[in-house]
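So the sequence lines, in the order shown, correspond to chains A and B.
All the letters of the first sequence, read from the start, carry residue numbers 1 to 412 under this note's numbering.
All the letters of the second sequence, read from the start, carry residue numbers 1 to 89 under this note's numbering.
The set of hints was computed from the structure by calculation and includes no laboratory data.
Hints are not guaranteed to be accurate.
Here are the simulated distance ranges between beta carbons [unchecked claim]:
id, chain 1, residue 1, chain 2, residue 2, range
1, B, G38, A, G153, 18 to 24 Å
2, A, G397, B, A86, 37 to 43 Å
3, B, S67, A, E56, 57 to 63 Å
Below 27 Å or equal to it, Euclidean Cα-Cα: the simulated DSSO-like pairs (lysine-lysine) are [claimed, not checked]:
id, chain 1, residue 1, chain 2, residue 2
4, A, K61, B, K58
5, A, K66, B, K58
6, B, K58, A, K62
For glycine and all other residues, C-beta sits at the position ideal for the given N, C-alpha and C.
Next come the chains, spelled out residue by residue.
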Amino acid sequence: MTLKRAVITGIGCVSPLGRDVSALIAGLAAGKSAAKYMEEYKQYIGLRSLIAAPAELVDEKKIPRKDRRSMSRMSIFSVQAAEEALADAGLAVADLLPGGMGCVIGSTVGSMNTMSATFETMLPDFDLNQMTAMQFFQVISHTAVMNVAQYLGITGSVWAPSGACASGLQSVGMGYDLIRLGRQKAVLCGGTEELHPTVTGSFDVLYAASTGYNDNPTKASRPFDRDRDGLICGEGSGMLLVEEYEHAKARQAKIYAEILGFETCGSGEHISQSSRAAMSRCMGGALKQAGLRVEDIDYINAHATSTVHGDKEEAAAIGGLFGNSVPVSSMKGNIGHTLGASGAIELIISLVMMKQSVIFPTLNLEHIDPDCNAIHHVVETREQQIRCLLKNAFAFGGINATLVCAGLDNGV
Amino acid sequence: MKMTKAEVTAITNKVFVESFELDEKDLTPEALVFDDLGLDSLDTVDLVVALQQKFSVKIRDDERVRSIRTLDDVVEFILTIQQEMAADQ
């Protein structure tokens with residue numbers, strides 16, 4: 001069986017830096033951080049990390065009420081990002097035969113805000129009388145993909161891979177496989193997440209959230225930096241249209257990149273501790289599938305979340321495989337960790353960097369941690385051609401994902 | 001607490017405006033809940049929840065909910081429930 005080629009022809013996102021891709025890129029180019037002190041987090045006893053990178057909900061009422069009623073923030077973000085990606089690709093669902101387009105969107109969980117509201121109405125009397133019809137549809141794990149597919153009329157494969165912070169990149173990987181296997185002509189893929197104090201609290205309780213920068217929020221997320229003390233959570237959604245190459249070529253679509261390799265694997269070691277061996281195996285697997293050598297990669301967009309252990313392990317894994325010749329940066333200094341959305345949003349950023357021949361630096365990387373110094377860190381914006389890039393996303397549970405893509409005229 | 005029909009109507013209308021984003025001017029007594037106001041079966045679940053909360057009544061398992069057709073039917077149903085509750089006390 002001959003596998004099809006898969007290319008990315010559309011991108012869209014809602015991020016802490018704005019409502020679309022251009023707002024995100026403008027914020028990154030200006031070196032902005034979207035981190036904020038969260039006044040409402042103060043009321044939670046025991047929550048030590050009071051910073052997050054929220055996204056603004058705008059124009060949600062453009063989605064008709066009957067479509068919107070089953071959507072929480074995370075689904076609205078995804079609908080808006082998906083519409084932007086389709087418009088960018090110049091492709092409508094109706095342009096394909098029925099069932100020709102699939103949709104894959106991952107997240108850590110469904111809406112934590114709705115889940116919390118549901119329990120608030122139930123407790124302390126265990127009273128289900130105030131439970132509404134829509135709470136279930138907002139809480140379920142596939143809430144975003146279900147809402148996007150229903151709203152856009154997508155009738156192909158509809159999947160919701162849930163791998164916490166690797167969900168977004170796993171979704172793109174799944175879209176890649178659906179195209180390669182010839183099961184879809186196009187797949188809208190991505191990830192989404194919404195903020196809630198319990199999300200930050202889940203990291204805080206594991207000493208993985210930043211607690212030392214509450215009075216200086218924009219400095220809190222500092223991947224690979226000596227003074228990092230944990231991540232900050234962000235929210236939003238990134239969506240990409242992955243399309244069969246011949247289909248895209250026939251309609252003369254703009255092509256950002258071809259996906260050449262994708263690998264996802266478990267560490268089999270620990271539920272919360274990152275593993276450099278598993279990360280290395282994941283990156284190596286993606287390279288092998290792509291048929292590329294380490295020297296073919298021009299840029300690595302790291303997962304690096306600003307946790308002490310995770311950044312150290314990723315730097316060691318990258319250093320062990322690539323040495324210190326390939327430029328590496330993480331976007332989480334700017335937008336925080338958008339969790340299930342991060343892989344998709346940061347892949348979108350990487351594709352724009354490829355298109356513009358520019359590399360954005362790791363924000364707040366002021367003093368490279370000796371534990372992370374075996375790699376080539378990008379600390380200021382630089383102009384550089386990117387022919388091939390590698391994107392990492394890692395998650396609790398020992399979940400690892402790496403995607404490799406290249407411009408069509410990449411020369412490798 | 002005994003409420004007048006005007007009071008029940010005002011609160012009911014508020015439920016329709018807040019929960020279903022309807023325009024107050026469309027909320028006439030004869031308006032058909034499904035055909036004119038555009039609610040569907042999923043909305044009626046949330047209508048019942050909202051009415052229970054606003055009027056402190058329990059109507060989820062009341063068969064009479066099924067016979068509601070117009071906005072005025074909703075108001076009359078609430079008034080009836082309130083009378084029954086007052087009689088029970």
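Structure-based check of all given hints:
The hinted range of 18 to 24 Å is satisfied by G38 (chain B) and G153 (chain A), whose Cβ atoms lie roughly 20 Å apart. Evaluation of the 37 to 43 Å hint for G397 (chain A) and A86 (chain B) yields a failure: the beta carbon distance comes to about 57 Å. The hinted window of 57 to 63 Å between S67 (chain B) and E56 (chain A) is violated, with their beta carbons roughly 45 Å apart. Taken as a hint, the K61 (chain A) and K58 (chain B) pair is broken in the structure, with Cα atoms around 32 Å apart against an allowance of 27 Å.
Proximity of K66 (chain A) to K58 (chain B) is assessed by CA-CA distance (about 26 Å); at most 27 Å being required, the pair is judged to hold. For the proposed pair K58 (chain B) and K62 (chain A), the alpha carbon gap of about 35 Å is over 27 Å, so the pair is violated.
The structure fails hints 2, 3, 4 and 6 (numbered hints given earlier, in ascending order).
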